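*Asks:* Chain A is already provided as a structure; the job is to place chain B on it using the hints.
Each chain, letter by letter, is given below.
2 protein chains.
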Amino acid sequence: MGVVIASHPETRTEDALERLAALTHAEMERVNALILDRAQSHVDLVPKLAHYLIESGGKRLRPMLTIASCALFGPGNGNQINYAAAVEFMHNATLLHDDVVDESDMRRGKPAARKVWGNQASVLVGDFLLGQAFLMMVEAGDLKALRVLSHAATIIAEGEVFQLAKSRDLGATPKDYNEVVRAKTATLFEAATVVGAMAGGGSEAAQKALAVYGLELGWAFQLIDDVLDYGGASGRFGKNTGDDLREGKMTLPVILALEHADEAERQAIAAALGNHETGIGAVTEIVGIFERHGALAATLEQAHAHAEAAKRALSAVPASTMRDVLADIADFCVSRAY
Amino acid sequence: MGVVIASHPETRTEDALERLAALTHAEMERVNALILDRAQSHVDLVPKLAHYLIESGGKRLRPMLTIASCALFGPGNGNQINYAAAVEFMHNATLLHDDVVDESDMRRGKPAARKVWGNQASVLVGDFLLGQAFLMMVEAGDLKALRVLSHAATIIAEGEVFQLAKSRDLGATPKDYNEVVRAKTATLFEAATVVGAMAGGGSEAAQKALAVYGLELGWAFQLIDDVLDYGGASGRFGKNTGDDLREGKMTLPVILALEHADEAERQAIAAALGNHETGIGAVTEIVGIFERHGALAATLEQAHAHAEAAKRALSAVPASTMRDVLADIADFCVSRAY
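Listed in order, the protein sequences are those of chains A and B. Per the numbering used here, numbering of the first sequence is gapless, rising by one per residue and ending at 338. Per the numbering used here, numbering of the second sequence is gapless, rising by one per residue and ending at 1338.
Next up, chain A with everything else stripped away, as it sits in the complex (with noise of 0.2 Å):
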């Protein structure tokens, strides 16, 4: 349905995140300069904590994907700027409530910011980003684009609650797993992407197939990042390799593996899971059980479905350069795996 846009050779991907920053570099410096703006309090402690993990090497992929969706349709009437720092201030504040969550000891490979300076600042801090995030949104002035962003709050709690409520739920099923993903992940993305379109005056019909295109593109995302947590496809092992078993998630290799696994398989993965003492030995041999299910390929497999869903999307909008780098970084995303 719809015109497909065709994939590009191997290079156009490796570099489609350069592009996008490239493309995006003007709007992204006055977003940055907002981030840093709002994450200021005469609390000493609201900027140390914020600048630690905002200026820690992030991407600012939802940010930019903000700019990009606005700039496919013209200049924008100014909101996208507020929108993407708003967005980024949201996946910061969920970043560190999820550390404290998960008792995370590392992120962007530093220190958790919750083992520098606590918890508690954690989950305040947390709740300041996310304060300013709406206070931004509201000062833009679209009641429509508050509402997505409002709504996405809401779904992303919710998917982390279940998330939480199915750790460790040998039972846990593909469904659940899809419900986690579309709600923790693909639903910041969506609003990212819509938000950008709304501010560059998209059509209806556009809003909707940039908010097809984020939604498909944080599923592949998130598909992604799960299969790097246990290696990647290379089976590149990181001191960080395991965490999610450690933590009790529940992915999509985990519970792809558990389907076919014999009995003697599941006792072991039982083990590791939740366990935070599951060392590097335990890690490879549960990878060696997904390999043996194809559980790792199977969840690839489905992260580039979701990508090609990502960028069939896209027909619906107008052809430029900006779409091009978008349906890039659809690819993109995926090749992180390999």
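Keep in mind that the hints were calculated from the coordinates and are not lab data. As the structure is a prediction and not an experimental result, all values here were calculated from the model. Do not take every clue at face value.
Stated by the list, open to error - Some chain A residues close to chain B (C-beta under 10 Å, calculated; not the full set):
id, residue
1, Ala-93
2, Leu-129
3, Leu-135
4, Leu-143
Think of the CB as a built atom: it goes at the ideal place given N, C-alpha and C, for glycine as much as any other residue.
*Replies:* Frame of chain A; chain B shown alone:
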């Protein structure tokens, strides 16, 4: 300046809360129905935890203040129902996060939600309630009221971080304390009454008067809470007496006592502050120090002054039964200490 509202005999104070409840009853039924509805989720853990807190016998003072502030000016445009529910959700989200931050075991005489469902679920369901609060505000569709609430969310979080930063700081000043109280408590009372006045169609001047009323009332309320934590004016000790001390909170009684304490008293306070093992004996000793230096009496005096300021603000509002009850509520808030 302005008409002074006459103070009422003691009996008028005692039943002020019941009279406020009676006057707001019909609309509070709708607010309560909305609260229950919006605490729903297909993720079981969300309503379980939310209902546990929501139905744990809170007075619902803040939403009643929203309804009452609206009714001062007329039947309202209907938004007061959403606003009142949103204010209560913000309050409950704060309670969930506070209990995690303070490592509290009890809340409203029951085990705190975090003791039943864990810190993780408490953080995430707090986020959910905050998201739902914004969604209800967005549905009301008034950007001015939305700004009040999102600004309040930011200020509250900032105040909580400041309180955390000042925890166990023997150099904390009355100015620091006032900043914490204004931010973490008075701001939500102020928001509750202002958005009520907005829904009721109160003039700019009336909205300002209600802002002052809410702010001063909330301020008095927190000062009294902080006195009650040490047994109140009557020295009635309960199981949780001294919890602020154990949590290292620099409330006004501690700060004022430290200003006058000799070295031995200072050391006794320092040893008890932030020490979860501080027993009833040590708390009794410290209340003795407070009494020697008039710290509880001075705190009560400030609460009285704020309650009087709240009542004075009402002089800008047309006389009505509701206005009288709101004046009595200010006296009631202070009378809790006796």
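*Asks:* The structure should be examined with respect to each hint, and the outcome stated for every one.
*Replies:* Verification of the supplied hints:
At its closest, the beta carbon of Ala-93/A sits 8 Å from a beta carbon of chain B; the interface hint therefore holds under the 10 Å criterion. For Leu-129/A, the shortest C-beta to C-beta distance to chain B is roughly 8 Å, which falls under 10 Å, so the interface hint holds. Interface restraint check: Leu-135/A against chain B, minimum CB-CB distance 5 Å, threshold 10 Å, status holds. Here the hint on Leu-143/A is kept, as its CB sits about 6 Å from the closest CB of chain B, short of 10 Å.
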